[in-house]
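Enquirer: In case it helps, our numbering puts the sequence shown at residues 1 to 624.
Derived from the structure by calculation, the hints contain no laboratory data. Quick reminder that beta carbons are idealized off the backbone N, C-alpha and C, glycines included. Check the hints yourself; a few may be wrong.
As the list claims (entries may be wrong) - SDA-like cross-link-like pairs, simulated, lysine to any residue; straight-line CA separation at most 20 Å:
1) 558 to 374
2) 558 to 605
3) 134 to 153
4) 409 to 606
5) 212 to 198
Claimed, not checked - Computed beta-carbon distance windows for the label pairs:
6) 414 to 222: 31 to 41 Å
7) 214 to 566: 45 to 55 Å
8) 558 to 414: 20 to 30 Å
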Amino acid sequence: MSGIAGILHFDDAPVAIGQVESMTSAMAYRGPDGIRHWIRGSIALGQCMLRTTPESLEETQPLANEDESLVLVMDGRVDNHRELRVELLSHDVLLRNRSDAELVLRSFELWGRDCLLHIDGDFALAIWDGRERKLFCARDRIGNKPFHYHWNGTTLAFASELHPILALPWVPETPNEDILAEFLAGEWHARDETLWRGILRLVAAHRMVVGKTGPQHERYWEPDLFASLPFESDQDCIDRYRELLSDCVGRMARSHRPVACEVSGGLDSSAIFCVAERLRRDSRLPAPGIAGYTLAFAGDGEANELLHARAVGEHLRVRIDEIPPSIQPLSWFAETARTDRDFPGFPNAAMFAGIRRQAVDDGSRVLLTGEGGDEWLQGSRRYYAEELAQRHWRALRDCFRTDAGAFGKAQATRWLLRDGVVPLLPSGLQDGLRRLAHAIHGKRSPDADWLAPGMRARLERRRRQSRAGLHRRVRNAGQRDLLACLDDAFSDQVMENAERLAARAGIELRYPLRDHRLVQFAFSTPERLRLRGDRSKYLHVQAMQGLLPPSILERTDKAGFSIVFREHLSGMRETLTSAIPARRPDWVTAEGMARLYAAYRNDPRLGWPLWSLWSVYACDTIRT
Numbered sequence: 001m002s003g004i005a006g007i008l009h010f011d012d013a014p015v016a017i018g019q020v021e022s023m024t025s026a027m028a029y030r031g032p033d034g035i036r037h038w039i040r041g042s043i044a045l046g047q048c049m050l051r052t053t054p055e056s057l058e059e060t061q062p063l064a065n066e067d068e069s070l071v072l073v074m075d076g077r078v079d080n081h082r083e084l085r086v087e088l089l090s091h092d093v094l095l096r097n098r099s100d101a102e103l104v105l106r107s108f109e110l111w112g113r114d115c116l117l118h119i120d121g122d123f124a125l126a127i128w129d130g131r132e133r134k135l136f137c138a139r140d141r142i143g144n145k146p147f148h149y150h151w152n153g154t155t156l157a158f159a160s161e162l163h164p165i166l167a168l169p170w171v172p173e174t175p176n177e178d179i180l181a182e183f184l185a186g187e188w189h190a191r192d193e194t195l196w197r198g199i200l201r202l203v204a205a206h207r208m209v210v211g212k213t214g215p216q217h218e219r220y221w222e223p224d225l226f227a228s229l230p231f232e233s234d235q236d237c238i239d240r241y242r243e244l245l246s247d248c249v250g251r252m253a254r255s256h257r258p259v260a261c262e263v264s265g266g267l268d269s270s271a272i273f274c275v276a277e278r279l280r281r282d283s284r285l286p287a288p289g290i291a292g293y294t295l296a297f298a299g300d301g302e303a304n305e306l307l308h309a310r311a312v313g314e315h316l317r318v319r320i321d322e323i324p325p326s327i328q329p330l331s332w333f334a335e336t337a338r339t340d341r342d343f344p345g346f347p348n349a350a351m352f353a354g355i356r357r358q359a360v361d362d363g364s365r366v367l368l369t370g371e372g373g374d375e376w377l378q379g380s381r382r383y384y385a386e387e388l389a390q391r392h393w394r395a396l397r398d399c400f401r402t403d404a405g406a407f408g409k410a411q412a413t414r415w416l417l418r419d420g421v422v423p424l425l426p427s428g429l430q431d432g433l434r435r436l437a438h439a440i441h442g443k444r445s446p447d448a449d450w451l452a453p454g455m456r457a458r459l460e461r462r463r464r465q466s467r468a469g470l471h472r473r474v475r476n477a478g479q480r481d482l483l484a485c486l487d488d489a490f491s492d493q494v495m496e497n498a499e500r501l502a503a504r505a506g507i508e509l510r511y512p513l514r515d516h517r518l519v520q521f522a523f524s525t526p527e528r529l530r531l532r533g534d535r536s537k538y539l540h541v542q543a544m545q546g547l548l549p550p551s552i553l554e555r556t557d558k559a560g561f562s563i564v565f566r567e568h569l570s571g572m573r574e575t576l577t578s579a580i581p582a583r584r585p586d587w588v589t590a591e592g593m594a595r596l597y598a599a600y601r602n603d604p605r606l607g608w609p610l611w612s613l614w615s616v617y618a619c620d621t622i623r624t
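Based on the provided sequences and hints, a complete structural model is requested.
Expert: Structure follows, in structure tokens:
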């Protein structure tokens, strides 16, 4: 976790004194190891440094080549740094030090824009090419590092966060009402827009070149939907997954300080910790040590996973620190929104603040998490469609028998029809059947009926735009769910909020289960390997046999954290149903908010009212 910023006037006007410095100063918490700038007339670049790897101790940014024709600022790491170093040396490239930034700069010098095809890792970067008078920008394949920018026709401003851009005198603070409609509804459709018109995100797996004519975007990576793994048996897939996971954990654990790891007691984070601990015992962990941390919810059975986390610690014979969850006051979210000029996040994300503080106090700058497991390991009943389409009758029979044994023949038959036959029908017929099902059974949640008419109209336009790209050619039906995860705007927002909170604590989050190679692995393996009967994450569970304790491997439940929402929402009836509608009549209606709050009160553990109520409150704090 570092921070980058820049101002480029393509009309050759000089950058005013102190402007790029004010941008980096606004996110100084990203640079405990120093803030530096490179300013040459109409070009100004800045970087806030947090050193998290042994190689970063040799790194200084902004980084220029010998004649300053290329200048790099980067927030990120190169996880294949050993392989990339060997490859560059084989081309007689001169490397001045071991830093990841040097590898990236020399890669661009050698391969130009195609350098991204040679780089694995999490990054957001910008390279000024003085010869071409263009700025090259890129974001990692999964989007684990943020990148925001504003273009007004002559000037580009970019930064890791929103508020340094909004602070520039020529950038208008104009609300983006379309995105606001999405947020108020608790829906997220657009990935490139923000709450402020004209301030955009560079989307994951995209590169951008900016010259006098403005930004030009191009996607440089996407999973190969038609790649199959050359394995003869399910066990071969399981063995390969185990090897790949170990490699991902090892590469992301690279640090010159001990690494920290969240250990919730669930399958994903527990697996990350156990794999890292095994690497340590085998002297293969690229860090001087590892420490585990778990949240200690006192007296709440829904959220308390202490028994599971302790089982992991006992299995490994190591201590896992138990940290109380951080229940932030409402004033904290309001102040965060006003400072960041952005969505302040959700309470269940803020509750990890104590873990991050403790990890930093214990000397860590890197925190491994289990994010990504639900997306890439969970699985769905779409295996029926896969096996039907490929006429794998034996596999189809086995899936049906497994589901019938666990849930009964009637339920298995419904899944066979819904998730097997229907996905193979023409898209228009699928949409018709979906509408018919809604008409017969009703929708699970109201159609954002708390929004004011104007906002509902905006929302419907966004929905139509989003639906336009749903019917994409895939190899099998299960890949549609994976593509939805890959392009999920809500996940983008959640990850960005988490990254920003971690940055303020002085720690970098790393996600082994969001490594692009694991994502590709998910797209290349049969859906039936992820879900079997009542056993989700089947492949993951099988791969972790002998590594995780049986009590974790056998878990079929998952902790819920609605308690942290209820800590606030239970006392917010007046604010949500009266004060905000009165203050924002063009946003929401009092009647609609009353219905939404009543749905929450009738079932406080129900998901959609919690998220929707909080989204309305959070949007209000930004504008208040």
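Enquirer: For which of the previously enumerated hints does the structure constitute a violation, in increasing order of number?
Expert: Of the numbered hints given earlier, the structure breaks just one, which is hint 4.
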